[in-house]
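There are 2 protein chains.
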Amino acid sequence: MALIVQKYGGTSVVNAERIKAVAARIIRRLETGDRLVVVVSAMGDTTDDLIALAGQMTDDPHPRELDLLLSTGEIVSSTLLSMALNRMGCPALALSGAQAGIRTDTRHGKARISGLDPARIRRELGAGKVVIVAGFQGITEEMDITTLGRGASDTTAVALAATLKAERAEIYTDVEGIYTADPRIVADAHKFAEISYEEMLELASYGAQVMHGRAVELGAVYRVPIYVASSFSDAPGTLIHGGPFMEQHNKVLGIAQDMDVARITIRGVPDQPGIAATLFEPLGEGGISVDTIVQNASVERLTDLTFTVSRGDLSRALEIVKPVAAQIQAPEVLADTHLAKVSIVGAGMTSATGYAGRMFRTLFEAGINIELITTSEIRITCLIDEMQVKDAVRALHKAFALEEG
Amino acid sequence: MALIVQKYGGTSVVNAERIKAVAARIIRRLETGDRLVVVVSAMGDTTDDLIALAGQMTDDPHPRELDLLLSTGEIVSSTLLSMALNRMGCPALALSGAQAGIRTDTRHGKARISGLDPARIRRELGAGKVVIVAGFQGITEEMDITTLGRGASDTTAVALAATLKAERAEIYTDVEGIYTADPRIVADAHKFAEISYEEMLELASYGAQVMHGRAVELGAVYRVPIYVASSFSDAPGTLIHGGPFMEQHNKVLGIAQDMDVARITIRGVPDQPGIAATLFEPLGEGGISVDTIVQNASVERLTDLTFTVSRGDLSRALEIVKPVAAQIQAPEVLADTHLAKVSIVGAGMTSATGYAGRMFRTLFEAGINIELITTSEIRITCLIDEMQVKDAVRALHKAFALEEG
Chain Y
184 MALIVQKYGG TSVVNAERIK AVAARIIRRL ETGDRLVVVV SAMGDTTDDL IALAGQMTDD
244 PHPRELDLLL STGEIVSSTL LSMALNRMGC PALALSGAQA GIRTDTRHGK ARISGLDPAR
304 IRRELGAGKV VIVAGFQGIT EEMDITTLGR GASDTTAVAL AATLKAERAE IYTDVEGIYT
364 ADPRIVADAH KFAEISYEEM LELASYGAQV MHGRAVELGA VYRVPIYVAS SFSDAPGTLI
424 HGGPFMEQHN KVLGIAQDMD VARITIRGVP DQPGIAATLF EPLGEGGISV DTIVQNASVE
484 RLTDLTFTVS RGDLSRALEI VKPVAAQIQA PEVLADTHLA KVSIVGAGMT SATGYAGRMF
544 RTLFEAGINI ELITTSEIRI TCLIDEMQVK DAVRALHKAF ALEEG
Chain A
184 MALIVQKYGG TSVVNAERIK AVAARIIRRL ETGDRLVVVV SAMGDTTDDL IALAGQMTDD
244 PHPRELDLLL STGEIVSSTL LSMALNRMGC PALALSGAQA GIRTDTRHGK ARISGLDPAR
304 IRRELGAGKV VIVAGFQGIT EEMDITTLGR GASDTTAVAL AATLKAERAE IYTDVEGIYT
364 ADPRIVADAH KFAEISYEEM LELASYGAQV MHGRAVELGA VYRVPIYVAS SFSDAPGTLI
424 HGGPFMEQHN KVLGIAQDMD VARITIRGVP DQPGIAATLF EPLGEGGISV DTIVQNASVE
484 RLTDLTFTVS RGDLSRALEI VKPVAAQIQA PEVLADTHLA KVSIVGAGMT SATGYAGRMF
544 RTLFEAGINI ELITTSEIRI TCLIDEMQVK DAVRALHKAF ALEEG
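Chains Y and A, in that order, are what the protein sequence lines are.
When you line the first sequence up against my numbering, it's residues 184 to 588, in that order.
When you line the second sequence up against my numbering, it's residues 184 to 588, in that order.
Hints listed in this document are in silico derivations from the structure and should not be mistaken for laboratory results.
You may find that some hints are simply not true.
Just so you know, same-sequence chains aren't split out, so a pair can sit in one copy or run between any two.
As the list claims (entries may be wrong) - Computed list of lysine to aspartate or glutamate pairs in DMTMM-like fashion (alpha-carbon distance at most 20 Å, straight line): (1) 312 <-> 325; (2) 573 <-> 443; (3) 203 <-> 243; (4) 312 <-> 217; (5) 505 <-> 464; (6) 203 <-> 232.
Note that this is a predicted model, so its numbers are computed, not measured.
Work out the full structure: start from the sequences and follow the hints.
Structure follows, in structure tokens:
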């Protein structure tokens with residue numbers, strides 16, 4: 184008689200047949216006595232289609248209007264799932280993010296959940312209904328609709344699980360769990376039965392697309408166990424939780440890649456205190472996440488500053504950076520969108536110096552040029568040509584013997 | 184410097200090009216100094232497409248879920264129009280029905296507006312923005328999304344015009360105004376420069392699809408002048424207002440047809456007081472509009488009771504009627520969806536007996552069988568085979584010399 188929050192991704196609700204299959208899964212699960220809150224993403228490529236529709240109107244849609252537009256995708260899929268369940272004799276009800284009580288700040292396109300009033304959900308659960316919640320969206324105090332960022336239906340699910348004190352959040356997707364590398368790229372990638380929040384977070388942050396990083400963070404903070412599995416099979420998935428630890432046959436846990444990378448380089452930045460703040464503060468205020476900042480060695484008190492942003496943020500980032508660059512008399516701002524990140528992730532990476540060397544040698548031997556390197560406690564990331572990502576992932580997976588599991 | 188509420192129908196916002204054309208029209212209009220609130224319908228066939236999607240889930244979607252689904256159509260079109268306007272340098276903002284403060288009762292699928300809080304609209308107008316409102320929808324006290332019925336974006340526009348004390352509501356559509364008959368059927372149909380609410384109401388109620396009847400009612404009650412014109416041209420349209428009256432070259436004002444008709448016949452109803460109430464009260468409680476009720480002459484204290492409903496209500500109407508019929512021992516309930524209504528509309532119809540006779544003769548000479556006849560003060564309606572509607576409209580338009588205008 185546990186309360187469970189499930190989430191079904193876009194590929195799991197891509198068409199009428201799949202939505203009915205999800206409804207049938209939900210009904211089988213109810214037979215175990217569990218009560219369910221179900222978060223859904225938009226059907227298949229709906230979000231991209233809506234973005235393309237907006238693109239026919241303007242190159243630069245106002246984020247408030249874009250959010251209101253995009254929020255319709257999850258409302259469509261959630262109402263259809265509710266209809267399918269009711270048709271099968273299972274009382275169900277769909278709620279928009281606003282109706283589900285999901286309050287957010289006003290950062291359109293990447294809003295953060297600021298509060299969650301579960302009164303309506305509790306009432307409907309109490310009436311014996313399966314509550315379907317449109318993922319990815321919320322509402323501000325001003326009654327404006329926000330979205331939480333791409334992939335953030337996972338975040339909706341974990342936030343609901345935390346607030347409702349659910350036993351766990353279950354993320355159903357088109358892969359069977361968390362692997363040492365993307366199984367669509369590496370045929371013999373190994374599936375984890377369990378993994379820690381911290382390890383999952385590194386894999387997710389550095390591009391393991393299975394789960395949204397913020398959802399994992401939220402799970403870690405509120406200690407919500409997260410189970411990731413396929414909606415297309417009954418194969419066992421991966422449980423993300425807080426310990427006790429874990430399979431560590433190898434210090435390299437997995438390989439992650441991220442294609443959503445744009446690089447900005449500011450040439451000839453004066454090498455003075457405060458310059459980095461001058462550049463990065465306006466980006467932060469603009470709500471643009473910057474990662475992988477690299478400042479090259481100073482030559483004649485001038486340096487090159489390179490950083491990456493997501494491709495969707497590139498044009499706004501350039502708008503912010505260019506006037507600042509002009510102001511500090513940096514002569515040139517370069518942008519590049521044909522790069523991707525590949526990372527090796529695991530505990531104690533940088534303390535064991537051999538890993539970096541093996542990574543660089545492996546890429547070199549695969550004929551892959553490294554554009555930029557960054558490291559953290561538990562990962563090493565190389566920026567490479569996006570065309571070579573699959574080769575890089577396969578070569579690294581083999582080099583670190585991850586197929587052995 | 185008047186405040187105007189405009190409404191653009193589905194054909195006016197059918198694709199990106201049309202939405203941009205509407206945006207350009209709006210900007211030209213702003214140059215006159217008017218301030219605008221703009222109500223939009225869903226793009227083209229979006230509502231039908233969403234209904235078809237629901238139909239893939241269930242034959243009988245729960246009205247609450249269906250409303251939440253359908254409400255997305257107008258949100259998409261309103262955000263796209265807002266984006267197009269902002270792109271052209273015109274500050275604009277899209278609001279869902281809920282955000283626009285449109286409160287309704289809980290009769291899903293045919294909700295009535297119960298209140299309208301224009302605070303947000305006033306604030307955005309005050310900030311110099313064009314306010315785009317998603318038509319056709321509202322929100323209940325329980326925060327459930329409702330829709331107001333097919334074509335009800337007109338009602339949204341007139342309700343907003345009444346509340347905001349706008350100078351008038353302008354309904355832009357794919358025809359150039361109100362005609363003596365559907366100009367797609369009758370080539371020489373005559374366009375009215377002006378028409379009274381009452382006459383327009385009869386034309387709309389009996390199938391002139393140009394405007395939603397409830398919108399006209401609301402305009403009449405709150406004395407909001409309504410201008411109907413084409414969004415595809417600058418041709419002058421028709422002004423619907425309260426008088427002084429009006430062009431009446433002929434007592435027959437126009438011909439209307441309505442394909443959205445289903446007929447239910449209950450055979451062998453006991454001819455007793457109270458039977459009609461027993462039958463029709465449950466339909467009213469079920470929110471089903473019944474019109475054209477005919478009770479045949481009684482034979483041996485048994486009578487046949489025939490009435491029409493909209494086709495979308497047929498299955499629910501039968502669900503309600505069949506047990507009642509069984510209870511009063513009526514042996515048979517028949518349903519027919521292949522019929523349509525054709526009406527002649529005008530002031531003083533029934534007092535001038537010649538009109539009914541001319542109508543019936545005209546249909547007879549055109550080889551059209553009349554299934555059922557009803558009359559009111561200002562119209563005569565015949566139920567005929569839906570395949571013969573165009574022939575009937577053309578023959579009647581000619582018989583009453585409406586092309587002379």
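The hints, checked one at a time:
| no. | hint | verdict |
| --- | --- | --- |
| 1 | 312 <-> 325 | between (30 Å within a copy, 17 Å between copies) |
| 2 | 573 <-> 443 | within (14 Å within a copy, 57 Å between copies) |
| 3 | 203 <-> 243 | between (37 Å within a copy, 15 Å between copies) |
| 4 | 312 <-> 217 | within (12 Å within a copy, 49 Å between copies) |
| 5 | 505 <-> 464 | within (14 Å within a copy, 70 Å between copies) |
| 6 | 203 <-> 232 | between (23 Å within a copy, 18 Å between copies) |
Going through the hint list in order, the structure satisfies each hint without exception.
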